[in-house]
Amino acid sequence: MDRETAQKRAEELRALLNRHSYNYYVLDRPEITDAAYDRLYHELKAIEEIYPDLISPDSPTRRVGASPLADFAPHMHRQTMLSLSNAFGPDDLRAFDKRAKRVLGLDAEASIEYLCELKIDGLAVSLTYTDGMLAVGATRGNGIAGEDVTPNLKTIRSIPLRLFGKQAGMPSFVEIRGEVFMLRSEFERVNQEQEEAGQPPFANPRNAAAGSIRQKNSAVTASRKLDFFAYAVGEAAGVSFADQASLLEMLAARGFRTNTHRNLCRGIEEAVLYCEEWRSRKDDLPYDTDGMVVKVNAVDLQRDLGATSREPRWAIAYKYPALRANTVIRDIAVQVGRTGSLTPVAIMDPVEVAGATVSRATLHNEDEIRRKDIRIGDTVIIQRAGEVIPEVVEVVSGARTGEERPFIMPEACPVCGSRVERPEGEVVARCVGLSCPAQVKERILHFASRNAMDIEGLGPAQVDQLTTKSLVRDPADLYYLTLEEMLTLDRMAEKSAGNLLRSIEKSKQVTPERLLFALGIRHVGEHVARIVTRHFGSLERVMAATEEELSRVPEIGPSIARSIATFFSDQENRQVIDKLNGAGLVMQGVREAVKESPGFAGKTFVFTGTFETMTREEAEAAARSLGAHASGSVSKKTDCVVAGPGAGSKLEKARSLGVAVLTETQYRAMIEEANQGDGEAGKEVQLALDME
DNA sequence: TAGCCTCGAGTTCA
DNA sequence: CTCGAGGCTA
18 MDRETAQKRA EELRALLNRH SYNYYVLDRP EITDAAYDRL YHELKAIEEI
68 YPDLISPDSP TRRVGASPLA DFAPHMHRQT MLSLSNAFGP DDLRAFDKRA
118 KRVLGLDAEA SIEYLCELKI DGLAVSLTYT DGMLAVGATR GNGIAGEDVT
168 PNLKTIRSIP LRLFGKQAGM PSFVEIRGEV FMLRSEFERV NQEQEEAGQP
218 PFANPRNAAA GSIRQKNSAV TASRKLDFFA YAVGEAAGVS FADQASLLEM
268 LAARGFRTNT HRNLCRGIEE AVLYCEEWRS RKDDLPYDTD GMVVKVNAVD
318 LQRDLGATSR EPRWAIAYKY PALRANTVIR DIAVQVGRTG SLTPVAIMDP
368 VEVAGATVSR ATLHNEDEIR RKDIRIGDTV IIQRAGEVIP EVVEVVSGAR
418 TGEERPFIMP EACPVCGSRV ERPEGEVVAR CVGLSCPAQV KERILHFASR
468 NAMDIEGLGP AQVDQLTTKS LVRDPADLYY LTLEEMLTLD RMAEKSAGNL
518 LRSIEKSKQV TPERLLFALG IRHVGEHVAR IVTRHFGSLE RVMAATEEEL
568 SRVPEIGPSI ARSIATFFSD QENRQVIDKL NGAGLVMQGV REAVKESPGF
618 AGKTFVFTGT FETMTREEAE AAARSLGAHA SGSVSKKTDC VVAGPGAGSK
668 LEKARSLGVA VLTETQYRAM IEEANQGDGE AGKEVQLALD ME
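Numbering (the numbering used here), first residue to last: 18 to 709.
Because the hints were derived from the structure by calculation, they are not lab data. If you're wondering where the values come from, they're calculated on a predicted model, not measured in any experiment. It cannot be assumed that every hint is accurate.
[What the hints assert, rightly or not] For each label pair, taking beta carbons as the anchor points, the in silico distance ranges come out as:
(1) SER73 / ARG508: 49 to 59 Å
(2) ARG377 / LYS183: 51 to 61 Å
(3) ARG490 / GLU438: 20 to 30 Å
Note that CB positions come from ideal geometry on N, CA and C, so glycine has one too.
When you get a sec, could you build the whole thing from the sequences and use the hints?
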């Protein structure tokens, strides 16, 4: 074949192959068989081998990158790739609509046209086409700069290497934005492949797509079936459109795959309906989605709304938070708590669960890890217990590669190197070093915490610095800090130092029960601190009490008695108390008036969920002041459960035990009634502590 | 001594 | 919120 015929044939083949690949990958309507495609493909490849100079950048043979990339060059986005603010329910969407109307100066009755598009759970990329040819493809990165992964993006069949349309009408420059993603079926295949190769699995299709796009060797990327949906245009020369809907049509006409599950909605209520419709429908799709993007359709309105530095004001992501998610445990770290307890914590690939990005979860202790057979490298299912705390539900045993490492509790404290002990029959391993920096830090944080001494402005950052600089070794040292010393801390100038000094000063006025709790004696929480100080009347008398005297107090048994007595017999601990007294702590007893109201006296209340008109603690205090007992757990002995929205297992337990359940409103009414009828019905009991 | 009932302690993210 | 463990009671 002479060069001229070869060139002609090569062009023909390229056009043919690109068209068929478009039919196959973008339209999902192949016109020829795979075998026929392969024949054409190999014919082109053969020609290009003979005449390498005929290879053009849009040749389908270029989709499989030959030379491995050394490293990814950074790619500065010409226009920042913004993120989107989130909406988690219809009301968030309505608020978004309201704000848009306000900014645009429209009245509340007007309705804005919105285009709703599925939000694909993949990774955002930017594709730059110059004179219609794909020149650069980059990841989003931080929005300002991403990584140039052009060869890898070229392996994706639904990304046209050359824009469709006549050369005459071709924009000289255009940046297309969209989402690279992986089908769930492909994700499973890839993970199986990873397993066979002894490689760690991907946690989910999104991570698999991201991992594939960042491959050094684009042949690997090519072996993974990635896909692409286009949805936006960044900077562009000679391209304009009136609205988002026609932009998507334009993208489709230029050869891109666009997601067909979209809907033009008149007014926000239509958008709400469409978003809600997809909440369950999305599960039937072969790929992962994490919501719907609602965009103001008209481009001129978009322009008027503009953007903040982080997000456009004309678009919002309506999220369907997954309650559970898969991720991979990369490591298991060990934390040291206030009592020296060593707690293993799973460090995981960040993943979205119930509206928050989770990357750590406590594993509680060694036994728990063994019970669930959790190993480093495992793919696990996590959920947020009680909507908040992430928890590992179970290991996806099918994803095991054999490379996972079991967790071993260290024999020396990871912070201070002291010996680690795990007493017979106990579950928690503990660092025995009393001066372990981690323990010291946690003890001081506990001392300053809200229910203890309530020192505002003394958080982890401050305590960390104070202890590492050895300005504070025990809680009493806090009361001897000078302004000069405080100013040596980072992020601490006159203003905050003054505030901190003031709140330390304020904390000197304290009840003995709070102080006893603040000391952080083992087994002494708020409840025990309260009953013990009330029984003995003052902290001094608690300190003077023998183990035997202590154990005679109701609810105090041998363990707690020993713990308290041992604490106060320790020389160093006594010194700390002396130092506190020397600093001028003023212990004041509480005069708590308790009205013995009929509905409350002697009853046990449990509060759960979040209340709207008061905090849970206020609710508990109210019950106590009327003669009731506020407990933390539901049992047969519970008389009444007061449940706010978001109540979980406690409410269920109450129902199953047949315990009365009140709403916040009903509870309020009960309190009011009790307070009104106090004169005759309730007999007043004064509880007072005499203090020295 | 077993089996409840509570309390204590530790925990995550925005 | 959950789990472990101390205290009380049958």
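Hints and how they fare:
1. SER73 / ARG508: 49 to 59 Å: 57 Å, holds
2. ARG377 / LYS183: 51 to 61 Å: Between ARG377 and LYS183, where Cβ atoms are some 55 Å apart, the hint holds.
3. ARG490 / GLU438: 20 to 30 Å: Given a distance of about 23 Å, which is inside 20 to 30 Å, the answer is holds.
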